[in-house]
Amino acid sequence: MSPVKHAVIAAAGLGSRLGHGKPKCLVEIEGVTILAQLLSRLSDVEDVRVVVGFEEKAVMAELKRIRPDAIAVRNPNFRSTTTLHSYAAGAKFLEGDCLFLDGDLLLEPESFRRFIDSCRPNAPRLGITKAKTRDAVYVTIEDEKVTAFDRLGPAEFEWANVAWLPIEFFRNIEDTSVYQHLCRFLPLGSKELVSYEVDTEEDLLQARENAHLFGMNAGA
Amino acid sequence: MIQGNAVQSISRAFLEDDGFIAQGRSAFPVHATGTCYAFDLDGTVTREELLPLIAMELGLETEIALLTRLTMDGMIPFEDSFRLRFALLRTAGLERIQSIVAEVELDPFIAEFIRKNRDRCFVVTGNLDIWIAPLMEKLGCGYFASTAMLDEGRVIGLREVMRKSAPALQLKERFERVIAVGDGFNDIPMFDVADIGVAFQGIHTAPDALVSVSNYVALDGSSLCRLLSTL
Chain A
0 MSPVKHAVIA AAGLGSRLGH GKPKCLVEIE GVTILAQLLS RLSDVEDVRV VVGFEEKAVM
60 AELKRIRPDA IAVRNPNFRS TTTLHSYAAG AKFLEGDCLF LDGDLLLEPE SFRRFIDSCR
120 PNAPRLGITK AKTRDAVYVT IEDEKVTAFD RLGPAEFEWA NVAWLPIEFF RNIEDTSVYQ
180 HLCRFLPLGS KELVSYEVDT EEDLLQAREN AHLFGMNAGA
Chain R
0 MIQGNAVQSI SRAFLEDDGF IAQGRSAFPV HATGTCYAFD LDGTVTREEL LPLIAMELGL
60 ETEIALLTRL TMDGMIPFED SFRLRFALLR TAGLERIQSI VAEVELDPFI AEFIRKNRDR
120 CFVVTGNLDI WIAPLMEKLG CGYFASTAML DEGRVIGLRE VMRKSAPALQ LKERFERVIA
180 VGDGFNDIPM FDVADIGVAF QGIHTAPDAL VSVSNYVALD GSSLCRLLST L
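If you're matching them up, the sequences are chains A and R in order. By numbering that gives the first Met the number 0, the letter at position 109 of the first sequence is numbered 108, and the numbering carries on one by one without gaps. By numbering that gives the first Met the number 0, the letter at position 132 of the second sequence is numbered 131, and the numbering carries on one by one without gaps.
Calculated directly from the structure, the hints in this document are not laboratory data. Every value quoted in this text rests on a predicted model; they were computed, and no experiment measured them. One should not assume that every hint holds.
[Unchecked claim] Under the rule of at most 16 Å between Cα atoms (straight-line distance), these lysine to aspartate or glutamate pairs were calculated in the EDC-like manner:
(1) 171(R) - 150(R)
(2) 171(R) - 219(R)
(3) 144(A) - 201(A)
(4) 4(A) - 61(A)
(5) 91(A) - 194(R)
(6) 131(A) - 46(A)
(7) 63(A) - 219(R)
(8) 4(A) - 54(A)
(9) 56(A) - 207(R)
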């Protein structure tokens, strides 16, 4: 049985770099929202928590439509906090390990399945993917472990914004981004995923061109 | 069906203990310890609103539906609305009302959670103590409710309409943490006092005002109880 019991999806942000005026998780690709696609990837995870903020009502309506057994965790300070705070809020009161994902990801089912299957208790690991997004957080890999993050690149891989981490990693957080916070825990295990993140219009275009990879109709 | 004598004794318990009824074992430790759960009743623990059910008995569905909607939307205060609805519904007769209420469908997950955590679960409801007494006996937890004035087992009026901040404060004195669960406007004062608020959208969409003071939103009974067991 999979050790992945809890998953937190951070979906509170404004998505201002994309600028569609709605939460990125509600952007549709081939008629399916990014959120529906993520939830279909997590169909075997019992406890799914979606951190909501910007346009929370719309996100919760989509959640209720697709997966009413998911919990909405509110981050009312979404405008002044980072994804790190959403992760911490989502995992608050939980124990053990949790899968953390950004709400703007497209995940290829097979490689994500392998990632989940490889998760073990107390063995933190980051999902990495071939570098492709504009504002990537690049990773240095040594011995299959992530040893450093940087924003400059170029590098072969970027962090996919997917992570399997002990919840205690988020007990004491400051006002930083997630990767800056995770620096103190490096090196961390890694596993490659086929994934796209939708931060900008170009990312979205790229994701749409590759929609066939993500089994978009599976989430409908 | 509750008997006249039992009704009297419950009523006395309310008069003596500020709206609270403990069932079974003695309710509270001396020092504030542990976590308790305060549940709204209508549309949270029960899968239907109780007052519209009683209204059906009297053919007053439309009138009560209007009042319920205005109350849910925050257009009229809960207290005024409850007084009006009470005035309309009391003619159904106590025994009939009690049996309608006692037969209402409960959310099976929430009912089970309450049964398993009887000593630290409480129902906090604007509904009338005497109307819900048999239902509460079935649920088996302590509860706070609006109170009726009785005369020889007959309901002759409303004594006090529940304001939910009061029981939440009482629970805070006795428990370290209060976790409130509800779906309506009149739950806002309870959420305000509670340490953690969970808006429940299993039956209705909770009003924005309630969501805005909540930490979590649960969309069905099973995930609500899963969440509660991790808090």
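Hints, one by one, checked against the model:
1. 171(R) - 150(R): 33 Å, violated
2. 171(R) - 219(R): 26 Å, violated
3. 144(A) - 201(A): The given pair, whose Cα atoms are some 29 Å apart, is violated under the 16 Å limit.
4. 4(A) - 61(A): With a Cα-Cα distance of about 22 Å, the restraint between residue 4(A) and residue 61(A) is violated, given a limit of 16 Å.
5. 91(A) - 194(R): Given that 16 Å is the threshold and the Cα spacing comes to 14 Å, the pair holds.
6. 131(A) - 46(A): 31 Å, violated
7. 63(A) - 219(R): 9 Å, holds
8. 4(A) - 54(A): Violated, because 27 Å separates the two Cα atoms, which is more than 16 Å.
9. 56(A) - 207(R): 8 Å, holds
In the structure shown, a violation is registered for the earlier hints numbered 1, 2, 3, 4, 6 and 8, in ascending order.
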